[in-house]
Amino acid sequence: MKQIFSKQNRALLSELVRTDFKLRYQGSVLGYTWSLLRPLLLFLILYIVFVKFLKIGGDIPHFPVYLLLGIVIWNFFLEMTVQSLGSIVGRGDLIRKIRIPRWIIVLSSSISALINLLLNLVVIGVFMVVNDVDVSRTILFFPLTLIQIYVFALGVSLFLAALFVKYRDVNYIWEVVLQAGFYATPILYPISLITNENVQKLLFMNPMTQTIQDARYEVVTHQAVTIHQVFDGGWYSFIPFIFTLGVIFIGTIYFRKESKYFAENI
Amino acid sequence: MSDQEIAIKVSNVSKSFQLPHEKRSSIKDTVINIFKHREFETQCVLEDISLDVKKGEFFGIIGRNGSGKSTLLKLLARIYTPNSGEITVNGSLTPFIELGVGFNPELTGRENIFLNGALLGFTRQEMLGMYDDIVDFSELRRFMDQKLKNYSSGMQVRLAFSIAIRARSDILLIDEVLAVGDLDFQKKCYNYFYNLKRKNRTVILVTHDMSAVRRFCSKGALIDKGKIKKIGSANEIAEMYENINLRLAEKRLQQPQEKKDKLKQKRQGTGEAEISLVETFNVDSKKSQNTFMQDEKIGVRISFKVNKTIPRPSLGFIFQDQQDITVFATNNWITDTQTQPVNKSDEIIYETIVDNVFTDGEFTITCAIENEEFTLIYDRIEYMHKFMIGGHKLAHATTHPHHSSTVTYKKSNKTKT
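In order, the protein sequences belong to chains A and B. To convert, take the position in the first sequence, counting from 1, and add 3; that gives our numbering. To convert, take the position in the second sequence, counting from 1, and add 1; that gives our numbering.
A couple of the hints might just be wrong.
Claimed, not checked - Straight-line Cα separation of at most 16 Å, EDC-like style, residue types lysine to aspartate or glutamate; simulated pairs:
| id | chain 1 | residue 1 | chain 2 | residue 2 |
| --- | --- | --- | --- | --- |
| 1 | A | Lys25 | B | Asp146 |
| 2 | B | Lys55 | B | Asp171 |
| 3 | A | Lys169 | B | Asp30 |
| 4 | A | Lys100 | B | Glu99 |
| 5 | A | Lys100 | B | Asp176 |
| 6 | B | Lys55 | B | Glu6 |
| 7 | A | Lys263 | B | Glu87 |
| 8 | A | Lys100 | B | Glu177 |
| 9 | B | Lys189 | B | Asp137 |
| 10 | A | Lys25 | B | Glu107 |
| 11 | A | Lys25 | B | Glu112 |
| 12 | B | Lys29 | A | Asp172 |
| 13 | B | Lys394 | B | Glu240 |
| 14 | A | Lys10 | B | Glu127 |
What the hints assert, rightly or not - Quick partial rundown of chain B residues pointing at chain A, CB under 7 Å, derived from the structure:
| id | residue |
| --- | --- |
| 15 | Arg79 |
| 16 | Gly103 |
| 17 | Ala119 |
Source of the hints: derived by calculation from the structure; they are not laboratory data. Note that CB positions come from ideal geometry on N, CA and C, so glycine has one too.
Chain A on its own, in the form it takes in the complex (with noise of 0.2 Å):
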């Protein structure tokens, strides 16, 4: 553990985060703006959208804070795992020509996309405060979600990126799974809608749901549905957990096993 964030690979890690993001608004004239205007802008194209036409999700208090906190972690989920999908292949001059470790290559587009979520979560702050949402104490839990989250797009990440050295068409089954999952996910409508009951609960398994509604409770409103109430707290409502620590862990392993012949493989 304690050569893996050595101090050689923490520097390399953050150049490489560095230089992803130097590229990302590269020649632009606005630059870093765009990635605080970009999802403003977005966000109040969807608040038009659903809000004010769609008028879907009425009874929920601060609806449209409720909307984008869903949006932005499901997209945070999207970003890492695609880009992460593709970072192994898509920097396979330097895995064929010199010996880093890779999973920084990994953990470098991961960190790329969680920066944007942070600058996400930023306007989401504006929002609120537009919007007069009474942040309550479970808002305290937030970052524990956060790093659910992280650990389970991370454990995702990391078993495609090896798959995708072998097998080219991970990435266009993956686009796919991510567009059933979006709509699989209370995302855009709230998750009440679902009358059926086991519906419901098969959903919670997903830990996008699990922790989308989480995220929701803790720092919109009490009023979003999560696991605990679906199954009255019973041991059911920890299989999401167990699911993102099996993720990451044969992720992991995976990674590891493959990563040997990323060289000849590429």
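Once you've looked at the hints, dock chain B against the given chain A.
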């Protein structure tokens, strides 16, 4: 030899790559063929390699293209994992084997320095400390805030080299740096190598350049077709490599097709005598030979067929190098060799033995038969024959006449007793 002195120990390492006959890289194919036995072609790149590199040694790895020397370097750098065998490394290793790895064309020179430094294992603090030195060494200060894509390739190499020489690892792996850059840059490279040698750093150099091997390496390994052919002193290894190359060139030159294609023959003359054969031969065995080592004399044999009575013909030939510069010219009168009158259907065989004072490279022979006064050309063929010279220790001079030197000392009076 204690283990303490060994920097790298390679024992019985083999590496092969599995190349599927039909590349299958989609899941659908995998699903369809999951029970079908796939055909693989196993390409064995390195077989049973064992070698030790001692601390402080400047070790050369030499081999032709595709011999597996770069694969070996990648195994040493732990970029590849060997199929069998073991590599033990005693000390830290440079992680890169090529210059400018990880350079990003969209970043400025300055940003690339920091990125490259991080790949070498330096922290940002350390990089800030040495940034000015790197820029000064590269002589590119003016361009630091320009994007790398606007650099010339020579400038990129200079920048990469300036960063790479900062590597402070115990063992350095270097792959063919000398192949790029101008003369000035090569001087810098050589200087760097001399410094490494003086400081007794452990270096492993993969190269084609035999003069570099002779100058810097204390030891070397010759790899051919994935196997170690020889491990020995730099001189031995370089000589063996040149021998192999010459033998291959010999084979190539013997093929008549090659002769016809490459030689832009031009013929002129009245036809009263004809050149029927030109060849070079080994002075000892008298057998035809097209390649000569630096210590071998060159035998030249030219046959003429006579079509008409000629009183006293003049026979001559010249050697030309690849730039068409005549490096040697002779005729029978110069060597005080008289010719006699010849009649129709006679054959003249003109043999000359030439000291090999020439440098490495390919040479062509142009020969002629003329009348005694050199006023009439009977037959003259340009670029009739090609031969090759190799194996010189200093291949950059144009001639290598045999020479010997002495050094004497005049002692000053004070020390005289």
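Item to check | Straight-line alpha-carbon gap lysine 100 of chain A to glutamate 99 of chain B, limit 16 Å | outcome: Holds - the C-alpha atoms of glutamate 99 of chain B and lysine 100 of chain A are around 7 Å apart, at most 16 Å.
Item to check | Cut-off 7 Å, beta-carbon criterion: hint that glycine 103 of chain B touches chain A | outcome: holds, 5 Å
Next on the checklist: Hint check: lysine 25 of chain A vs glutamate 107 of chain B, CA-CA at most 16 Å. Holds or violated?
Outcome noted: holds, 9 Å
Item to check | chain A contact restraint for arginine 79 of chain B - C-beta distance below 7 Å | outcome: Status holds, d = 5 Å.
Item to check | Pair hint lysine 169 of chain A and aspartate 30 of chain B, alpha-carbon separation not exceeding 16 Å | outcome: holds, 12 Å
Item to check | Satisfaction of hint between aspartate 176 of chain B and lysine 100 of chain A, Cα-Cα up to 16 Å | outcome: It holds: about 11 Å lies between the C-alpha atoms, which stays within 16 Å.
Checklist entry - Between lysine 189 of chain B and aspartate 137 of chain B, is the straight-line Cα distance small enough, at 16 Å or below? => result holds, 13 Å
Next on the checklist: Need the status of pair lysine 100 of chain A, glutamate 177 of chain B: alpha-carbon distance at most 16 Å?
Outcome noted: holds, 14 Å
Next on the checklist: Would the hint linking lysine 263 of chain A and glutamate 87 of chain B be met if the CA-CA limit is 16 Å?
Outcome noted: The given pair, whose Cα atoms are some 15 Å apart, holds under the 16 Å limit.
Checklist entry - Would the pair lysine 29 of chain B and aspartate 172 of chain A pass a check requiring their Cα atoms to be no farther apart than 16 Å? => result holds, 9 Å
Item to check | 16 Å Cα cutoff - pair lysine 10 of chain A, glutamate 127 of chain B | outcome: Measuring from Cα to Cα gives roughly 11 Å; hence the hint holds.
Checklist entry - Are the Cα positions of lysine 25 of chain A and glutamate 112 of chain B separated by 16 Å at most? => result holds, 10 Å
Violation of the numbered hints given earlier is absent; every hint is satisfied by the structure.
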